Amino acid sequence: PGPSTVFWLQKDLARLDPASFDHIEAQLQASGSLPREEPAQKLNKLITQRLEVYRYKDFIKADLQKRMGTNRKAENGLGDPRPWYEKEGLKKLLDTPDYHNAFAVKPFDMSSRNPQIYFLNKIIEHQRHKETLVFMAAVNPELMPQVNQPGYQANLQAVRNYFAAHSVRYIDFHGSIDQSRFSDHVHLIGPGYSLVARRLGEDFSAGEKQL
Numbered sequence: 202p203g204p205s206t207v208f209w210l211q212k213d214l215a216r217l218d219p220a221s222f223d224h225i226e227a228q229l230q231a232s233g234s235l236p237r238e239e240p241a242q243k244l245n246k247l248i249t250q251r252l253e254v255y256r257y258k259d260f261i262k263a264d265l266q267k268r269m270g271t272n273r274k275a276e277n278g279l280g281d282p283r284p285w286y287e288k289e290g291l292k293k294l295l296d297t298p299d300y301h302n303a304f305a306v307k308p309f310d311m312s313s314r315n316p317q318i319y320f321l322n323k324i325i326e327h328q329r330h331k332e333t334l335v336f337m338a339a340v341n342p343e344l345m346p347q348v349n350q351p352g353y354q355a356n357l358q359a360v361r362n363y364f365a366a367h368s369v370r371y372i373d374f375h376g377s378i379d380q381s382r383f384s385d386h387v388h389l390i391g392p393g394y395s396l397v398a399r400r401l402g403e404d405f406s407a408g409e410k411q412l
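When you read off a place in the sequence shown, starting at 1, and then add 201, the result is the number in the numbering used here.
Quick caveat, the hints were computed from the structure, so don't treat them as lab data. Here the structure is a predicted model, which is why all the values come from computation and not from measurement. Glycine is no exception: its CB is placed at the ideal position from the N, C-alpha and C atoms.
Label pairs and their calculated CB-CB ranges: (1) Asp-223 x Gly-290: 43 to 51 Å; (2) Lys-212 x Thr-297: 27 to 35 Å; (3) Phe-336 x Ser-221: 22 to 30 Å.
Straight-line Cα separation of at most 27 Å, DSSO-like style, residue types lysine-lysine; simulated pairs: (4) Lys-262 x Lys-212; (5) Lys-307 x Lys-323; (6) Lys-307 x Lys-292; (7) Lys-267 x Lys-288; (8) Lys-293 x Lys-307; (9) Lys-258 x Lys-212; (10) Lys-212 x Lys-323.
Could you build the full structure based on these sequences and the hints that come with them?
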């Protein structure tokens, strides 16, 4: 749903790679997935372009409140480093369409019509003759059970096939990290990140030895 994540960088993309910008913008407009910019959004963009400090006002305010000890806003559970099962209300927080849509079971479009694939193709071309390692982060199946559905699993296999076809080293962490090592649906606690770091380090070192 909505524009490709890469289009958050549209200002830089238009400056550095205008051909790709035009290609993706035309696709998003044709599909109707490029949201219309409302007057308030245009005004906000104009202000943030002229006043850099305004762009970071929320972060500055939060930092000042933290330093002064006046920030009493309740934690929502996603920034809390405890294991997910110790967080009351986390399941309810994640049980919304916004979160569920991120783990779709609808078949992926693995052609260059998909902006994600379009840019992955460009990244792979840029990395030609270089050592590249790509990994897919795991998802906590206790909080997002749809990852076990056939459609989601088929999408994971499609991604594996894509990287195999392009001879790119790829690690899929789905199913390899115990649910007890998650902090929420996708983030991990310390031991979980240690496992990921160790696996990535071992795989990358093994690849270097083969050169």
